[in-house]
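Participant: Line by line, the protein sequences are chains F and R. Counted the way the numbering used here counts, the first sequence spans residues 1 to 248. Counted the way the numbering used here counts, the second sequence spans residues 249 to 530.
These are computed hints drawn from the structure, not numbers from a lab. The reader is advised that the hints may include incorrect statements.
[Claimed, not checked] Quick partial rundown of chain R residues pointing at chain F, CB under 8 Å, derived from the structure:
1) M319
2) F412
3) E414
4) S418
5) G420
6) S422
7) I430
8) N493
9) D495
[Said to hold, decoys possible] Within a straight-line C-alpha distance of at most 27 Å, the following computed BS3-like cross-link-like pairs (lysine-lysine) qualify:
10) F/K193 - F/K83
11) R/K526 - F/K60
12) R/K526 - F/K135
Just so it is clear, CB atoms sit at the ideal spot from N, CA and C, and this is done for glycine as well.
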Amino acid sequence: MVKFEIHDLNIWFGSTHAIKQVNIEIQSNEILSVIGPANSGKTTFLRTLNRLNELNANYKITGAVELEREDVRGIEIEELRRKIGMVFALPLPLPLSIFDNVAYGVRIHGERVKKKTEEKVEETLKQAYLWEEVKDRLSESAFKLSGGQQQRLCIARTLAVGPEVILFDEPCSGLDPISTAKVEDAMVKLKEKFTIILVTNNVKQAARVGDKTAFFLSGELVELDKTDRIFTAPKDKRTDGYVRGKFG
Amino acid sequence: MKNPYRTQNIAFFFLFLVTLLIVIPVGLIVVVIIQKGLPAINWQFLSDMPRQGMRAGGIFPAIVGTIYLVMGAIIFALPIGLLAAIYLSEYSKDNLLTRLIKLAIVNLAGVPSVVYGLFGLALFVVFFKFGASIISGSLTLGIMILPVIITTSREALESVPYSFREVSLSLGASKWQTIRHIVLPNAIPGILTGTILGLGRAAGETAPILFTVAAFYLPRLPDSIFDQAMALPYHLYVISTQVPNVDEKIRYGTAFVLLVLVLFMNLVAIIIRYKFRKKKKW
Ligand SMILES: Nc1ncnc2c1ncn2[C@@H]1O[C@H](COP(=O)(O)OP(=O)(O)OP(=O)(O)O)[C@@H](O)[C@H]1O
Ligand SMILES: [Mg+2]
């Protein structure tokens, strides 16, 4: 099933042309990895999907972004962002306890029953492979967790509002290999239920977890294909160069 | 050859000297007031009406009057100041008008207090016909401390990291939910500090209450907000310059009480800030 359809997308920040004439279809229940060198527009592309770019004053967009055939600009923004969760590059816990971090979104979306909130928190912390490590210290500040734990907490927090799509923006950029492996495990498992878009500047990570891989360069989508094809037989010379580490 | 360490030491020495130059007079004032004022302090002085044309008795009505005025000022200024700060930091677009407004507010904080006094006289006493009364005085003091409250609250709101807002919005929270649950709770220490500093200023000023509320001599408690009242700073001014033969003890005692009141408020502000800083989680 097609989750996202993006037609002729162009984005500017002031005079910077950050995304140039991009067309993409994204299937549900798969992981799409987005790779590309710095400033190639990966983050910008991701933040277009949940309309987070609109927080910028000098932002301009043309083209269409459709979620299940409905233009995202027609969907109420709170509802859109509930459906499309996001995990940021740095672990960004809110200045609350571990429990309240996960419960925050649940409560925001109107859950008043304490029992149900608690169930949701436990369920999503388990999904993010964090429950065992924090179940005895839920009332401690989230900032007391290690970076890797914080990032999995952020994943649980995103899951707790019941999204359909999860956007990951370089979620492992600040993590050690073991934490990275745990986050990757969580992602692969989550694919069964969610559509995942993973921006990464770690080409190997894209190869490990992505079903498909998109290669961005200076705001253009150079190539999008099955991950093994991108890494073994790319059609474009520039993709070949990038995945072999010739530039970037 | 120049010795960088010597230059540095000389610079440090002069900076230290200048600091001393500032600290010593302030310290001296405090010491003198404590030394001369403390002996006057007893229960009767704090709880009795002034007698014999303020040459004897206590300063109870002035203490009460100052507390009323300060409370009135805060009831008026805190909600308005906070809402204005929320608007300016969270909602207003960054354009010329907003920048002008912010500049104007910062400059209003520097307007001499006697100007606020005249403004209060014209607006509340004369135009709204409140007369010289607690309400006129409170509103005048409130307007005087509004810029302080708005500026410090704005800074407190803006110091909450932008990423928290992004996270909250990305979870589907509305802008108001984000402000209410994430931004405001983390800005409270700064807002409180600003408010209490404003309070301290309101408690100590003479000029704004001179024309709007202060009674020269009123040996009873005010019975409504439309009544005049005595207030500590004005009372101090009166017994120091307007009434002959007031015992030095009474004058310094009054100064002492005023000083303690203002220092106490500042102390509370410092404690609150310290408490929250220890709890600060980012
Ligand atoms: N808020 C913004 N204001 C102005 N320009 C921006 C903004 N965000 C992104 N840009 C510009 O858009 C272009 C794409 O940036 P983007 O952050 O999407 O790149 P990226 O591929 O995510 O890079 P990285 O790998 O470094 O994260 C850059 O030229 C950047 O300067
Ligand atoms: Mg990026």
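Participant: Quick one: which hint numbers does this structure break? Sort them smallest to largest.
Facilitator: 1, 8, 9, 11
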